[in-house]
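Read in our numbering, the sequence shown has 357 at position 357, and its numbers run on one by one without any break.
Please note that a few of the clues may not be correct.
To be verified - SDA-like, lysine to any residue: derived pairs with alpha carbons at most 20 Å apart:
{"id": "1", "residue 1": "381", "residue 2": "393"}
{"id": "2", "residue 1": "419", "residue 2": "434"}
{"id": "3", "residue 1": "268", "residue 2": "301"}
{"id": "4", "residue 1": "570", "residue 2": "401"}
{"id": "5", "residue 1": "130", "residue 2": "80"}
{"id": "6", "residue 1": "381", "residue 2": "454"}
These are computed hints drawn from the structure, not numbers from a lab.
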Amino acid sequence: MCRYLWVVMPASLAEVLLREGVLTSAELERVRAEQALRNCSFQEALTRLGLVAPEAIGGILSRYYGVPFVRLEDVEISPDAARSVPAELARHHGVLPLALADSTLTLAMIDPTNLAAIDEVRFLTGMTVKPVVCLEEAARAAIARLYGDDDAHDELERLMADLGVESVSFQLTPEPSEPEAESSGEAEEAPIIRLVNLILSEAIRRNASDVHIEPMEKQLRIRFRIDGVLHTVMNPPLRLKDAIVSRLKVMARLDISEKRLPQDGRIKTRHSRNGVSRTIDLRVSTIPTLYGEKVVLRLLDQDNLRLDMTQLGMEPESLAAFKRAIARPYGMVLVTGPTGSGKTSTLYSAIAQLNTGERNIVTAEDPVEFQIPGINQVQIKEQIGLTFAAALRSFLRQDPDIILVGEIRDHETAEIAIKAALTGHLVLSTLHTNDAPSAVTRLIDMGVEPFLVASAVHLICAQRLVRRICADCCEPVRLSVPALLGAGLGTGSHSRPEEFEQRMFWMQLLEAGFTEQEAETLTLLRGRGCASCNQTGYRGRIGLFEVMEITPEIREMILARASVFELRRKALEQGMLTLRRSGLQKVLAGITTLEEVLRETTL
1 MCRYLWVVMP
11 ASLAEVLLRE
21 GVLTSAELER
31 VRAEQALRNC
41 SFQEALTRLG
51 LVAPEAIGGI
61 LSRYYGVPFV
71 RLEDVEISPD
81 AARSVPAELA
91 RHHGVLPLAL
101 ADSTLTLAMI
111 DPTNLAAIDE
121 VRFLTGMTVK
131 PVVCLEEAAR
141 AAIARLYGDD
151 DAHDELERLM
161 ADLGVESVSF
171 QLTPEPSEPE
181 AESSGEAEEA
191 PIIRLVNLIL
201 SEAIRRNASD
211 VHIEPMEKQL
221 RIRFRIDGVL
231 HTVMNPPLRL
241 KDAIVSRLKV
251 MARLDISEKR
261 LPQDGRIKTR
271 HSRNGVSRTI
281 DLRVSTIPTL
291 YGEKVVLRLL
301 DQDNLRLDMT
311 QLGMEPESLA
321 AFKRAIARPY
331 GMVLVTGPTG
341 SGKTSTLYSA
351 IAQLNTGERN
361 IVTAEDPVEF
371 QIPGINQVQI
381 KEQIGLTFAA
391 ALRSFLRQDP
401 DIILVGEIRD
411 HETAEIAIKA
421 ALTGHLVLST
431 LHTNDAPSAV
441 TRLIDMGVEP
451 FLVASAVHLI
461 CAQRLVRRIC
471 ADCCEPVRLS
481 VPALLGAGLG
491 TGSHSRPEEF
501 EQRMFWMQLL
511 EAGFTEQEAE
521 TLTLLRGRGC
531 ASCNQTGYRG
541 RIGLFEVMEI
551 TPEIREMILA
561 RASVFELRRK
571 ALEQGMLTLR
581 RSGLQKVLAG
591 ITTLEEVLRE
601 TTL
């Protein structure tokens, strides 16, 4: 019995197009001229000239070959089907395995009359082959996405040489509870897969927190955020952008055919290097830009999570105040700061200290960045109605002792959180404000009454992150006046008479916030740059903290609707360290540089 469809066709596709009135004789001549000029197939020339819409071409091909037409952009390729046909065969014959069902392989083909290709696939797989027709351009692009661009091998080797990598030993392996994130076998060696693995491997090796894959007009830029600063690490050929994005989408279980809307996904893997296995969680976010889809990956390394409050960088007096606040059986503790300032690490460290068998701790997070044993963590899903406010209402029926709210964004969430703090629960949460006193006015602006804020909130902690000086290349340096002026301190000419140089340097230190005694004895340090810090002079980060306790005096000021400036003045009188002062103390201790502190704080 015949295992594939035999069709009787007209003499040529061109005749069908002429007969159906799709092309005129003059247009047909244009197509043939284009075909001769570019030395390409008739269908490719037709597509290039844009004389016929792709959907119309698909319908014509279906009638011409007598098999169904498949729009590859709308098809999700089965991993089992992909593994059944080698990359060389797919590229050589222009075929693409789509799906396996009941010993039948659906095979997309540029030319369904290619009996040699059908016989070869049938012999190799032992399955019945069901041919369907697809557009040539779509087939070539899909084959490149699935198996990798054959021309990418040389580019990969060049990138590896530029990065000083001899081989790509990085391999993603799915967690037991997760869907399979990697195909095995021959596809694992495809250059696009190796290139994506190289990007992720380098990001992990350099301790990057984020990877940005950005298509520009004339180049593809890949940047790593290391210690809070973005660095360009490679520029793969622009033609690889679609293949790289598609590969990441497949790994994150996203819709590879949807390129018009943002998408969010997750890749949970284990990364092995030198025999040491680490859990890596990657949050994937895509957005459509003018020149293609941009992808940002956030790397969450479970093994690098340090839940020790003493290692955050709080000064002793600030740490003591923070510990007093979280030791209370009820009330609210707020951590404020911009995105990426380490608020989550501070909150996780707090609940890790409180995590005992006698307490019921529940969290509402978006997203859940790290999984902590013994904590009941809830992922917010606003698209189905599971908001922070809805989660909080449910928590109050779960007999909680401690509640962590990932972020207070609106009046409803703020009101429920404050009422929970007033009814016997310890509530930890975050806000987006510039400093600690501003959090009070932010809550009031949300519609919370001042008497509720004054009664519920016990402590507010504002924070920032600055880079640490690399311990391997740290050296003393006398910061020059021009450097200080370039950092935003002082005014006037950069060239001063030599006799005033030291005086000006001393005055600039005073303007930065140092006392006269500190300015006289200060020895500034910097990192020279070495292999350990990727020649940046910095390695790792530490927090700057501004901890404001809500004392009885400040509580009365909140009730009287005092301004941010009045609250700050009273807190300073009572011993609060500002973010700038916290940073200057770390400069005095040789932990960070003055430039870092000036970049992240104001007086």
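Hint by hint, which ones does the structure fall short of?
As far as the earlier hints go, 2, 4, 6 are violated by this structure, in ascending order.
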